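Below are the chains, spelled out letter by letter.
Number of protein chains: 2
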Amino acid sequence: MSLDIETSVKPHERLAASLADDLAAVDALIREKMASEHAPRIPEVTAHLVDAGGKRVRPMLTLAAARLCGYEGVNHHRLAATVEFIHTATLLHDDVVDESGQRRGRPTANLLWDNKSSVLVGDYLFARSFQLMTATGSLKVLDILADAAATIAEGEVLQLTAAANLSTTEDIYIKVVRGKTAALFAAAAEVGGVIADVSQDRIDALRTYGDALGIAFQIADDLLDYGGDAGATGKNVGDDFRERKLTLPVIKAVAKADDDERAFWKRTIEKGDQQDGDLEQALALIAKHGTMETTRAQALEWSATAKTALDVLPDHPLRDMLRDLADYVVARIS
Amino acid sequence: MSLDIETSVKPHERLAASLADDLAAVDALIREKMASEHAPRIPEVTAHLVDAGGKRVRPMLTLAAARLCGYEGVNHHRLAATVEFIHTATLLHDDVVDESGQRRGRPTANLLWDNKSSVLVGDYLFARSFQLMTATGSLKVLDILADAAATIAEGEVLQLTAAANLSTTEDIYIKVVRGKTAALFAAAAEVGGVIADVSQDRIDALRTYGDALGIAFQIADDLLDYGGDAGATGKNVGDDFRERKLTLPVIKAVAKADDDERAFWKRTIEKGDQQDGDLEQALALIAKHGTMETTRAQALEWSATAKTALDVLPDHPLRDMLRDLADYVVARIS
Numbered sequence: 007m008s009l010d011i012e013t014s015v016k017p018h019e020r021l022a023a024s025l026a027d028d029l030a031a032v033d034a035l036i037r038e039k040m041a042s043e044h045a046p047r048i049p050e051v052t053a054h055l056v057d058a059g060g061k062r063v064r065p066m067l068t069l070a071a072a073r074l075c076g077y078e079g080v081n082h083h084r085l086a087a088t089v090e091f092i093h094t095a096t097l098l099h100d101d102v103v104d105e106s107g108q109r110r111g112r113p114t115a116n117l118l119w120d121n122k123s124s125v126l127v128g129d130y131l132f133a134r135s136f137q138l139m140t141a142t143g144s145l146k147v148l149d150i151l152a153d154a155a156a157t158i159a160e161g162e163v164l165q166l167t168a169a170a171n172l173s174t175t176e177d178i179y180i181k182v183v184r185g186k187t188a189a190l191f192a193a194a195a196e197v198g199g200v201i202a203d204v205s206q207d208r209i210d211a212l213r214t215y216g217d218a219l220g221i222a223f224q225i226a227d228d229l230l231d232y233g234g235d236a237g238a239t240g241k242n243v244g245d246d247f248r249e250r251k252l253t254l255p256v257i258k259a260v261a262k263a264d265d266d267e268r269a270f271w272k273r274t275i276e277k278g279d280q281q282d283g284d285l286e287q288a289l290a291l292i293a294k295h296g297t298m299e300t301t302r303a304q305a306l307e308w309s310a311t312a313k314t315a316l317d318v319l320p321d322h323p324l325r326d327m328l329r330d331l332a333d334y335v336v337a338r339i340s
Numbered sequence: 007m008s009l010d011i012e013t014s015v016k017p018h019e020r021l022a023a024s025l026a027d028d029l030a031a032v033d034a035l036i037r038e039k040m041a042s043e044h045a046p047r048i049p050e051v052t053a054h055l056v057d058a059g060g061k062r063v064r065p066m067l068t069l070a071a072a073r074l075c076g077y078e079g080v081n082h083h084r085l086a087a088t089v090e091f092i093h094t095a096t097l098l099h100d101d102v103v104d105e106s107g108q109r110r111g112r113p114t115a116n117l118l119w120d121n122k123s124s125v126l127v128g129d130y131l132f133a134r135s136f137q138l139m140t141a142t143g144s145l146k147v148l149d150i151l152a153d154a155a156a157t158i159a160e161g162e163v164l165q166l167t168a169a170a171n172l173s174t175t176e177d178i179y180i181k182v183v184r185g186k187t188a189a190l191f192a193a194a195a196e197v198g199g200v201i202a203d204v205s206q207d208r209i210d211a212l213r214t215y216g217d218a219l220g221i222a223f224q225i226a227d228d229l230l231d232y233g234g235d236a237g238a239t240g241k242n243v244g245d246d247f248r249e250r251k252l253t254l255p256v257i258k259a260v261a262k263a264d265d266d267e268r269a270f271w272k273r274t275i276e277k278g279d280q281q282d283g284d285l286e287q288a289l290a291l292i293a294k295h296g297t298m299e300t301t302r303a304q305a306l307e308w309s310a311t312a313k314t315a316l317d318v319l320p321d322h323p324l325r326d327m328l329r330d331l332a333d334y335v336v337a338r339i340s
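Line by line, the protein sequences are chains W and H. Add 6 to a position in the first sequence, counting from 1, and you land on the number used in the working numbering. Add 6 to a position in the second sequence, counting from 1, and you land on the number used in the working numbering.
To be clear, the hints were calculated from the coordinates, so they are not data collected in a lab. Remember, it's a predicted structure, so these values are computed and weren't measured experimentally. Do not rely on the hints blindly, as some may be mistaken.
A pair holds if it fits inside one copy or across any two, identical chains being indistinguishable in the list.
Derived lysine to any residue pairs resembling SDA-like cross-links, with alpha carbons at most 25 Å apart [claimed, not checked]: (1) K262 / T314; (2) K146 / G79; (3) K262 / A23; (4) K251 / R73; (5) K146 / L35; (6) K251 / T314; (7) K146 / A41; (8) K272 / A23; (9) K277 / N121; (10) K146 / V80; (11) K146 / L166; (12) K146 / D203; (13) K251 / N121.
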């Protein structure tokens with residue numbers, strides 16, 4: 007879920023530059039809270055992930071939302087660290103469950119250490135994030151993040167049951183995507199507005215922005231899996247097919263499949279019986295039904311929703327960067 | 007960590023009878039919150055654990071603390087469900103990491119389902135517990151439970167690094183035990199007092215009670231591993247030795263070891279090179295240094311600390327049952 011795309015316009019870099027002081031404060035807080043007097047192994051494991059060159063999109067959403075709403079306190083640092091910890095914890099737990107071999111081109115934590123450490127250090131980061139958000143003293147913030155945590159966990163479980171299941175609908179896919187990406191994006195942006203104490207319509211707008219941005223980003227990511235550049239995404243074309251994950255291009259192709267095609271999907275995705283040439287056949291069916299195009303259109307729609315949501319927010323350079331970010335996440339598929 | 011002991015005095019049963027209405031409300035809440043619209047697999051996994059005949063010690067600590075402090079609202083139900091969810095989540099995550107084959111004589115969740123479900127459903131329960139405690143609207147409660155969550159996670163990681171490590175001290179052992187058992191016992195009792203809005207010295211007393219009860223219970227459990235009845239604990243004698251876990255009887259014996267004995271512990275625990283007769287030799291060394299007796303004395307001391315702490319609380323039948331419970335957890339080793 008990184009945003010590694012080669013392009014001359016990099017709004018997340020402009021955001022990082024504008025929020026440099028805030029980001030430095032967040033980094034210091036993250037380092038402080040990762041430290042464990044009793045269990046020195048914890049920062050060992052987490053430093054690997056937190057320093058792994060992530061774009062810090064989630065914490066920047068919180069910081070930008072708070073700043074563009076005029077916030078002047080320190081709780082945005084706590085909440086930015088909170089969302090980064092939650093994100094890192096979910097990556098650690100994902101590593102355990104997915105047996106994925108690499109993340110951003112580096113070995114995953116569970117190959118360097120082990121499953122035990124990944125589960126428990128993930129739990130530790132969840133607990134730390136919980137302490138950080140409690141320190142803000144805002145019950146509304148706690149409510150939002152508790153709901154986000156539930157959506158994330160539910161989405162992850164749903165993803166398990168949806169895997170290799172041809173009856174997965176677009177609706178289920180969107181729920182999985184919310185759990186995987188959009189729920190934390192939405193909460194990250196929303197809490198920035200909450201601590202700035204702006205009107206509810208602005209808070210709602212920030213939430214809508216984060217949600218739509220996350221969905222647009224994830225659809226684009228899933229689309230690239232069937233036609234992207236492996237160097238850009240850190241994945242190889244067809245990874246999702248081989249792992250029997252149902253994403254939009256396939257879900258839409260399955261919905262239009264004739265009997266023969268359905269048998270093909272049943273064999274390759276549901277039964278997992280894949281042979282040489284099957285990926286090419288899958289790509290041919292996707293092309294036949296034009297589902298790359300319809301999926302792309304859907305990602306662009308979500309990106310547009312994200313941008314429109316920003317209209318009710320104050321005119322501010324950070325708002326422009328957030329708008330550019332919504333363009334950027336779909337630029338690689340446009 | 008069950009309390010399955012055959013004895014005629016069962017204070018947890020008397021507690022359950024006194025708190026029957028509250029427990030029924032907690033059970034209903036647990037069932038309601040386990041349900042997942044999006045991921046029906048979740049209650050499947052959790053029902054297995056929640057219905058597995060646990061003694062509900064943690065929720066009863068919350069309920070009893072709140073009631074004996076005169077609480078009349080509904081937040082004690084939320085918090086009792088919270089601590090049971092946290093407990094169940096840690097069991098699920100423990101199952102993943104320990105590859106333990108049985109828990110309370112039933113197959114663990116990860117044999118019936120898989121590691122993925124255990125990790126993610128555990129996360130789901132953590133998220134649900136977080137929503138439940140947020141619903142109480144008490145920042146003090148959230149503080150206490152956030153700290154407990156951090157102590158639990160830190161203790162679990164510490165346990166990993168302490169495993170097979172002969173330099174593990176009694177101090178580290180107690181920290182591990184706090185993470186494993188006592189932190190949640192302490193928080194469970196403390197939050198009952200907090201929502202009842204009693205004086206800080208009573209809240210502190212409840213915390214001390216839960217902490218000391220948990221430590222006494224865990225020391226007794228670890229002691230039984232070297233001399234108990236497998237049917238009573240659900241474990242076999244020597245499990246900890248075979249798993250190279252350092253618990254008090256061994257930590258104390260290592261501290262008194264001569265060079266030959268040290269070499270024995272190094273080989274069997276640190277290197278994990280165990281042969282027939284080694285458990286018998288370990289038991290002989292434990293007997294030689296009398297560490298069963300000193301460990302037992304320590305458990306009894308913690309039990310006494312728990313009982314004494316109750317003195318500042320109101321005179322109440324529930325207080326008497328809590329006192330009996332502190333006797334009960336060490337009765338099996340007395």
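Structure-based check of each hint:
1. K262 / T314: Result: close neither inside a copy nor across copies, 32 Å intra and 72 Å inter.
2. K146 / G79: Answer is both: 17 Å inside a copy and 22 Å across each meet the 25 Å cutoff.
3. K262 / A23: neither (46 Å within a copy, 60 Å between copies)
4. K251 / R73: Answer is neither: 38 Å inside a copy and 50 Å across each miss the 25 Å cutoff.
5. K146 / L35: Both: 22 Å inside a copy, 22 Å across copies.
6. K251 / T314: Neither way: K251 and T314 sit 31 Å apart in one copy and 58 Å across, limit 25 Å.
7. K146 / A41: between (28 Å within a copy, 24 Å between copies)
8. K272 / A23: Intra 49 Å, inter 54 Å, cutoff 25 Å: neither.
9. K277 / N121: Only across copies: K277 and N121 sit 21 Å apart there, 27 Å inside one copy, limit 25 Å.
10. K146 / V80: both (17 Å within a copy, 20 Å between copies)
11. K146 / L166: neither (31 Å within a copy, 36 Å between copies)
12. K146 / D203: both (11 Å within a copy, 22 Å between copies)
13. K251 / N121: This pair counts as both: shortest intra-copy Cα distance 23 Å, inter-copy 18 Å.
Violated hints, in rising order: 1, 3, 4, 6, 8 and 11; the structure is consistent with all others.
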